[in-house]
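Engineer: Assemble the whole structure, with the sequences as input and the hints as a guide.
One-letter residues, chain by chain:
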Amino acid sequence: MSRNLFDKQSGAGANPLGMAVLSPALWLALLFVQLEKRPQPSKAMAYATPVLAVVLTMIFGGVLFAVLGKDPLQAITTIFWEPIFGEFAFFYRPQLLIKGAPLVLIAIGLALGFKAGIWNIGAEGQYIVGAICGAGAGLAFYPAESVLIFPLMVLAGALGGWAWAMIPGLLKVKFGTNEILVSLMLVYVAEQLLASMSLGLLKNPEGFGFPGSRNLQQYPSAHNAEIITGTGMHWGVVAALIAVIFAYVLLTRHSLGFAIRVTGEAPRAAKFGGVNPGRLVLFCLGISGLLAGLAGMFEVSGPSGQISIDFNVGYGFTAIIVAFLGRLNPLGIVAAGLLMALTYIGGDIAQSQLGLPAAAIQVFQGMLLFFLLALDVLTNYRVRFGKGETA
Amino acid sequence: MDLSAINPILLVAAMIAAATPILLAAIGELVVERAGVLNLGVEGMMITGAVCGFIITVNTGSPTVGFIAAAIGGAVLSLLFAFLTQVALANQVASGLALTLFGLGLSALMGQSYVGIKPPRTESTPLGSLADIPVIGPIVFGHDLIVYLGLAIVAATWATLKFTRAGLVLRAVGENHDAAHALGYKVKRIRTLAIMFGGACAGLGGAYISLIRVPQWTEGMTAGVGWIALALVVFASWKPWRVLLGAYLFGGITQLQLNLQGAGVAIPVEYLAMSPYIVTIIVLVILSADKSRAPGSLGRTFHASG
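For the protein sequence lines, the chains are A and B, in the order given. Each residue of the first sequence is one higher than the one before, starting from 1 at the first, in this note's numbering. Each residue of the second sequence is one higher than the one before, starting from 1 at the first, in this note's numbering.
Just to be clear, a hint being listed does not mean it is correct.
What the hints assert, rightly or not - Quick list of the computed label-pair ranges, beta carbon to beta carbon:
id	chain 1	residue 1	chain 2	residue 2	range
1	A	R382	B	P268	56 to 62 Å
2	A	A44	B	P120	41 to 47 Å
3	A	G86	B	I282	48 to 54 Å
4	A	G209	B	A263	20 to 26 Å
5	B	Q112	A	A48	34 to 40 Å
6	A	E145	B	A263	43 to 49 Å
7	B	T64	A	G176	39 to 45 Å
8	A	I309	B	S62	36 to 42 Å
9	A	G314	B	S62	49 to 55 Å
The hints are simulated quantities; they were obtained by calculation from the structure and are not laboratory data. Predicted, not measured: the structure shown is a model, and the values here were computed from it. Yeah, the Cβ is synthetic: ideal placement off N, Cα and C, and Gly gets one too.
Structural biologist: Here it is as structure tokens:
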């Protein structure tokens, strides 16, 4: 199953006739379009496609909102303008950091793997386990106060996420098991573990029987408080920035980053070049699990405050979109993470002000990934007009 | 704990029903993968089928129309994947993930006003009197039509792949798309059709969950069945009959843990609920040693050289 999934075939002259049913206009357009492989991926297109994808998503998202009976222009401005420049922007701007930090943290790790063709799809699970381990480590000392407790929780969260990602990693290296399926299965296992923890081991003994742990926001030694009040800047944001710099240096300056890039582009060449594929799998999965675990830990000790059954909100999956939207590039991921955070916040506002369903934002985010993938063809291929040869 | 509350005959009958959604989704994906395409969007197509089938059944009152709508819904969604991978030549892994994320959101959006509604009952025993035979009756004859449809699709897929020209062409495209192209077969068209077949099967499987298994609509109700179906295709070494075997194994585990939950076994519910996923991982580990049976062009993008 894992055989050369990521080799792009080269060649020229597509046969677009096969895909005919999508829409008549598209169908007509495709008849006269021919794809020609670029000798080198276009740099300009690589930068232009994410922007183009966002614009297209806004247009089609507007259509979607109109279908739902909302004023499309108002919905789009509510989502993209209101949180930053609106009347209550002072309240929403900090949220940008709070929601963006876990997305960036997770996406940075995922991007390293995706670059090398190692697909960790289970960041959501690693995020949950990181949160459970981090919160557990803190609660173990309750109600003792010490400056050492928080660093210990950070360590526990990172280790938890790392260990959870090591399961698909080790299974892939030892047995050749597909890491996509294993890491995803472990999300469901982690969700059950989370339910078990919030109903059992970590349940608040003074919580009147309600599920969920003690609130870490009320436990000073374990609270991931804002570093500067009112900015949304907490330790998770700092960790995300460090991760970005670390990934940037790794990819541009370090031989390991080079090994990652070569493995993604030409696995066989990388092997001949002395890259140990097994070690690379463990590194990429390990680092992405570690970062996802950290994200979970900073979330549970800060913005969310407690382990509860519905603690996870899908950051691990949205981070996949963030990684692609950011072109697997650390700096791009920062921009993409902030944009995604914006859709979360704007979506919340649109939900309360316009009655836009929460799921509409999920569709919106999914759409973005679609357009991005579809437009990516322009990076690697040149579009030529004229009738394509029939295969 | 009271294990005697579990009736073994009813348990086996329920296992077969529990296996059906996995079976349908997996046989569809098997055809897609035999055509050389890896579609990780099974979960998204299933949940879309589940919601389409549910909405249409509630509105028309006919589960049959609902199941047809579910198949169409799944197939239409799969066209998006076909467009991305066959026309825009996008990476199949990423496109499949996009399909799943999009399908989960779309289904939640479509189904939001249908939460908590009971759908019309699907006719449960079309074979009426045969189901009254002791022991064999409930196990073999006591099911709804979709169970038999699932079995029929497996048989038809096996026969088509093994004995017909169409099946041979499909396998050729999956084994070596360049060679198939050189022989004049329309690789992209064949793959698009296979992807649509996979989407329709996944849609049927999803509707089986929302209309018969549960029967209700809740967000994300397929809960990873689509991913288990993907694992099942690997487990089955891309062979139809082994998909059947695997689906019964996984259906059996799902049903058994539900019955154990009901019987009040001393294991906490959450750990029982984990078991199907953990078993999937274990089975993957045991079987992933032999990958020789994977279609040769699986997951590779085809772009014809002129």
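Engineer: Tell me the numbers of any earlier hints that the structure contravenes, in ascending order.
Structural biologist: 2 and 9
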